[in-house]
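Numbered per mature numbering (1 follows the signal peptide of the UniProt record, and there is no 0), the sequence shown spans residues -24 to -1, 1 to 104.
Since the hints were derived computationally from the structure, they do not count as laboratory data. Here a beta-carbon is modelled for each residue, glycine too, at the ideal position from N, C-alpha and C. Among the clues, some could well be false.
[Claimed, not checked] Cβ pair distances, simulated, as ranges: (1) ASN22 <-> GLU76: 16 to 26 Å; (2) ASN64 <-> ASN40: 29 to 39 Å; (3) LYS38 <-> PHE90: 21 to 31 Å; (4) GLU12 <-> LYS34: 32 to 42 Å.
[As the list claims (entries may be wrong)] As a list, the in silico BS3-like pairs of lysine-lysine whose alpha-carbon atoms are at most 27 Å apart: (5) LYS95 <-> LYS27; (6) LYS65 <-> LYS34; (7) LYS5 <-> LYS32.
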Amino acid sequence: MYFKKTSLMLCVFTSIFTIHSVQANVGFKDVTNEDEVYEEINYLVNLGVIKGYTEKGKTYFKPNNTITRGQVTKMVIVASGNNTLVVNKSSFSDVAVGSELSGYVERAIQLGLFKTNIKGNYRLLFNY
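Let the sequences and hints guide you as you build the complete structure.
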């Protein structure tokens, strides 16, 4: 299991930090083609790993935002090519059934990618 987790994280981080050809300009208002990570951001958008934030009809990347454990979970599941689970009952008191991230969280736990705490919480909003 350790090898599986390590391999997955290596693939995700390699995807993030490796230059890839970009098919489309996503058009974040706060990211220009002059930015050092422009191609990597667009690559992750094209994969569906990230979407950005839409405010008043404009899309932003918000590079200075803190990423939560829930967001990281979703990115890892999408980047690894896994599908979400249909959730009828949450395994965690802090992850509501039907919430955007519940299926991603349950899949990540099923795959053994993340640990939980002993209180039955996933700590969805915990900042990395």
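Hint check:
no.	hint	in the structure
1	ASN22 <-> GLU76: 16 to 26 Å	holds, 21 Å
2	ASN64 <-> ASN40: 29 to 39 Å	holds, 37 Å
3	LYS38 <-> PHE90: 21 to 31 Å	holds, 23 Å
4	GLU12 <-> LYS34: 32 to 42 Å	violated, 22 Å
5	LYS95 <-> LYS27	violated, 32 Å
6	LYS65 <-> LYS34	violated, 35 Å
7	LYS5 <-> LYS32	holds, 12 Å
Of the numbered hints listed earlier, those contradicted by the structure are 4, 5, 6.
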